[in-house]
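*Asks:* What follows is the residue order along each chain.
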Amino acid sequence: MSATLLTPESPEVAEPEEAKPDRLRPILATVWRWTSALGVALIIFSILLLTKGANPFQALGDMFKLTFTSSRSVQEIFIQMAPLVLGALAVAVPARAGLTNVGGEGQIIIGAVAACGAFLFLGDSAPGGLIIVAMFAASMIAGALWAGIAALMRLWAGVNEAISTLLLNFVALDILLFLIYQPWRESRTGQPTTRELVDTAKLPVISGTQVHIGIIIAVVVTVIVWAVMRYTRWGFKIAVAGGNAEAARRSGLNVSMLVLSALMIGGALAGLAGMIHFAGVEYKLRPGFGYQLGYTSFLACWLARHQPFPILVAAFVFASLSVAGDSLQLDSSLPAATINVLTALILMAVLGWTAKRKVSV
Amino acid sequence: MSLIVDVLSGGVRGGTSIMYGALGETVSERAGVINLGTEGSMLMGALGGYIVCVETGSPWLGALAGALAGAALSLLHAYLVVWRGASQFASGLTLLFLALGLTSLFGATYVGKPVDGFSRWDVPLLSDIPVIGTVLFQQDPLVYLSFAVVPFIWWLLFKTRAGLLIRTAGERSESLTVHGYSVKAVRAGAVTAGGFLAGIGGAHLSIAYANAWFENMVSGRGFIAVALVIFAVWSPIRVMGGAYLFGMALALGSALQARGYNVNQFALDAIPFVLTLAVLALLGKKTVSSSPAELKKVFENAPPT
Amino acid sequence: MEQHVGPRRPLLAVLGLTKHFAAVKANTEVSLEVWPGEVHALVGENGAGKSTLLKMIYGVYHPDAGQMIVEGTEAVIDSPAEARRLGIGMVFQDLRLVPALTVAENIALAIPTGVTLKLRALSQQIREASDKHGLSVDPNAKVGHLSIGERQRVEILKVLMTGAKLVILDEPTSVLAPQEVEALFSVVEHLRSQDFGILIVTHKLDEVRTIANTATVLRGGRTILENVKPSDYTNDELIEAMVGKSVSDLTRRASTVVTTDRAMALTMTGINAKGDQGNLALKGISLTIAPGELVGIAGVAGSGQRELCEVALGLRPPVTGEVTIVGKKIGNPRDALSAGAASIPEDPVADSIVGRLTVLHHMVLNGRRLPAGKVGIDWQTVKSTTDTNNDRLGLHIAATSRNVSELSGGNIQRVILTRELSLDAELVVAAYPSRGLDIANVRRTQEILLECRDKGAGVLMVSEDLDELMSIADRILVMHDGHISGEIINADFDRQRIGQLMIGGAA
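Chains as they are written, first to last, in the numbering used here: chain A, 1 to 361; chain B, 362 to 666; chain C, 667 to 1173.
Careful: at least some of the hints might be erroneous.
[As the list claims (entries may be wrong)] Subject to a maximum C-alpha distance of 35 angstroms in a straight line, what follows is the list of computed DSBU-like cross-link-like pairs (lysine-lysine):
{"no.": "1", "chain 1": "C", "residue 1": "Lys870", "chain 2": "C", "residue 2": "Lys949"}
{"no.": "2", "chain 1": "C", "residue 1": "Lys808", "chain 2": "B", "residue 2": "Lys657"}
{"no.": "3", "chain 1": "B", "residue 1": "Lys520", "chain 2": "C", "residue 2": "Lys721"}
{"no.": "4", "chain 1": "B", "residue 1": "Lys545", "chain 2": "C", "residue 2": "Lys1049"}
{"no.": "5", "chain 1": "C", "residue 1": "Lys949", "chain 2": "B", "residue 2": "Lys545"}
{"no.": "6", "chain 1": "C", "residue 1": "Lys798", "chain 2": "B", "residue 2": "Lys520"}
{"no.": "7", "chain 1": "C", "residue 1": "Lys1121", "chain 2": "C", "residue 2": "Lys1049"}
[Claimed, not checked] A short, non-exhaustive set of chain B residues, derived as facing chain A with CB atoms under 8 angstroms:
{"no.": "8", "residue": "Ala451"}
{"no.": "9", "residue": "Leu454"}
{"no.": "10", "residue": "Phe458"}
{"no.": "11", "residue": "Trp516"}
{"no.": "12", "residue": "Glu576"}
{"no.": "13", "residue": "Asp630"}
For the record, the hints were derived by calculation from the structure and aren't laboratory data.
Remember, predicted model here, so these are calculated numbers, not experimental data.
No residue lacks a Cβ here, since even glycine has one placed at the ideal position from N, Cα and C.
The following block holds chain A by itself, in its conformation from the complex (with noise of 0.2 angstroms):
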């Protein structure tokens, strides 16, 4: 993308909502809702750590402290944040589209399986650049074709995408463990892994960091994505499908294929983010690969709103918060899952007590 997208030629067109006189009294509720949702989940976390016996003052602090100001966990942070953007975004697109992408857990898996197998298929002594493109191209086709069946189902059977791609996460996730027990397997004693990719084709770090360009992929395809669903007829027309899809009919579009193109696109980013995992941070397929990785980013992209450059503060938040839970563990001895309580209490903040609208049963 040239930089002349980003030049504010007709964006007063394209998002008309500018700003009003009157706008700072409701950015001011917002705020205030917004830390007032947040203080509530921090408080009953720290309840359910005082029940476990942990100061939950010191447990918290010693988090934030270990996360934040440790170098090591700061690009930790980086690191995990990467596939988190892509696989909310593989959420956001499709949403624009009026559809559910429930499906990333089974598309990283099987993006990533496609590399693996793009690096087994090549072998140790191709050179890495080619096993690097190769990887990128294998992961984003396979994620595609992967979320290409739920909507064809949809298509075809009128098979609500929410579950289909729910389901084939299972389906996924046991082509994953069949592929690293049997006919990938490296070692038939050891762990059932898969042979570890070789380092030429590893995802080069940014010089002076452990931290790999996964996160500058992932904030380009932000940017990517955001200019095509702002400035694209494409990204103007599974809009209007998301909006309308009788009125997408009527004025001549193409619903089915702009259906089945949203959630592809959908498949094959979270496809990339399965890849960017693989080739930036396990270089090996093994059974708990990307676990929840999918299911993060769908909550993710909900707590941005499923819109681009919110998504990298939320996964930013969310990488935090993960990151942390191990700090949790290694402080405070209790479960690194633990963390999962907090994120969904700060969800469940942001889901119940932010929400532009209500339902009006």
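Given the structure of chain A, go ahead and fit chains B and C onto it with the hints provided.
*Replies:* Below, chains B and C alone, put in the same frame as chain A:
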């Protein structure tokens, strides 16, 4: 022959927890609310049941505690979607995370603790019937309870006022309002009752089926339950059949392996999911058209952007 | 009614009810009385304040001022439950039955039966009640399988079984076929003979004459005629009460376009098409519209007008038959749009509006090529074109930056009209184009449709307003039950004859 009996019997045993979850989801979806948190309610039920069973030594108290824990989580779902207007999908997944976190926080100390859960109890006389007796009447008490729960849920949905209100909430909620009922209360009740049943399903897993507690032990059964309800076209009776079918697919692998066949467990594990997808794809339009109308709206509603 | 002895008092007397919303004076000092054994027609045009009045009587709205007296006692009706307790039953226009449930289950919703539904006993009660009131209803039928007329009978039965003495029917005939109207009226007659009071809302004068003993006419939220005998008034007097001083007619002008050696704007040949319920909604329709011709479609609502428009636009694939627009065969919506079709949908909010987009965004949803900018869509050009068209058509659409979800129905209609009628269309399919508009904009819309015609477009216009059709159409086709029951050309327009055709009578 013994293979078939093993698979059938294992199907009933393993399918029962899914069945409770799916019955709960049926009640909830009949009222127009989809609850992906069923997975979480089952987790809560599994741990709640386990803790109480370990501490009191009574599996029945354990089952009750599991049910209450499941109901408590679903009540949160009800609150978020019914009163706060949250997305049903997002809220359900959020509550799954809450359950994952809570159960690992409070369950850590129970991992590996011995439990004296439900044990097999053979029904006198009936259990001697060849095949049928082995399959249906050499089981644990929660399986027998489910034989009563299925017709009870059917009766509740189709023969009682409560069921009429639930179905009306799921078919045309404004008709409830017209007659002076609260749609919110009916839906919240149905969702919570659904969580209660899912909680029993979770307890069945930890104190009757596996007799153990470990993190994330439900591992997708709650999601299967959600899919099963659609597969069963929102009928409690068909949910029962579907749950046993799923249970059998799960039981087939171990039964084959026990006999020295080299089967790939993961291919078998995938069967229930692939089967559900295939059935949905085949029945697709027909199933969707017979779904509760208000639920259809949930599915068709675009996520806000 | 004179045969009754003892003290008689109205079932309901409404005295000086007033209800104002922010800017809208919905009801101002409205009064009427409904007596036992009386059919009282509440008459008025759309927007006259009828529904506000009903909602106050039924406890949905609370009046700002005035009183309601139920059987001699002043009542505060603060909820529908209270209204029902007082014996007031309401049959809503859109019927609130649950299609997936049986008749008995639907009625059980309204009647306390304890914990279980006791469906067998209830079915028996339903049969008895339906015999008593002359409403044939099968308690075990699924409501979704019943016709609209049958559903209405179920609603009436439900209201009676909950103990109503006053039955309110909100525009019951607007959704019915003519035979069903007759059946309904015989039920109403039967109820009157059993001393129920019936308040029936309508805007059709012939119905007032057929069924009502008493009428109250609302206009602009005020009672113009109060508790009068319809037979004391002529049609013209009643019409004037309803619509006020009659507005001067549009000057009718014939089409001047030369149509020889041009392809027909629209042809439909042997069209059979299914409705949403899978019923055959169009039965052997053939028609042609020439370029420069405005053809009106008249008919009782639900006679197949919607399906006709959708088939013409390629939105609803016919079972058999062929559609062409300017000679091009139409298989899907894109075919129709690229052949030069424009359309005003029957229900713009459901079918044309994307809630989160702005007015400007909607201006490009016309099936024409999206204007290309450097990247994506050139919104500047869209804006300037929109401004030009808005000035030219003069329907004064809302600011283009507004979100359509904030707009009223009339404003949305003007957006759609401006978008579609500024296209250089070969065919304009306009379903109820003046719906929701005030009188000035109705006139302007009719002018624009005539301008489209004069520029050579074929216009297919559906309307429920016969006068509107007669004032601008070159030819009227009357639809009845999926057929075209008759065709009348401009010079021979005759209300009586069109009315006959609408109810399926011989031409």
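*Asks:* In ascending order, which of the hints set out earlier in this document are inconsistent with the structure?
*Replies:* Checked against the structure, the hints that fail are numbers 4, 5 and 11, while the rest are satisfied.
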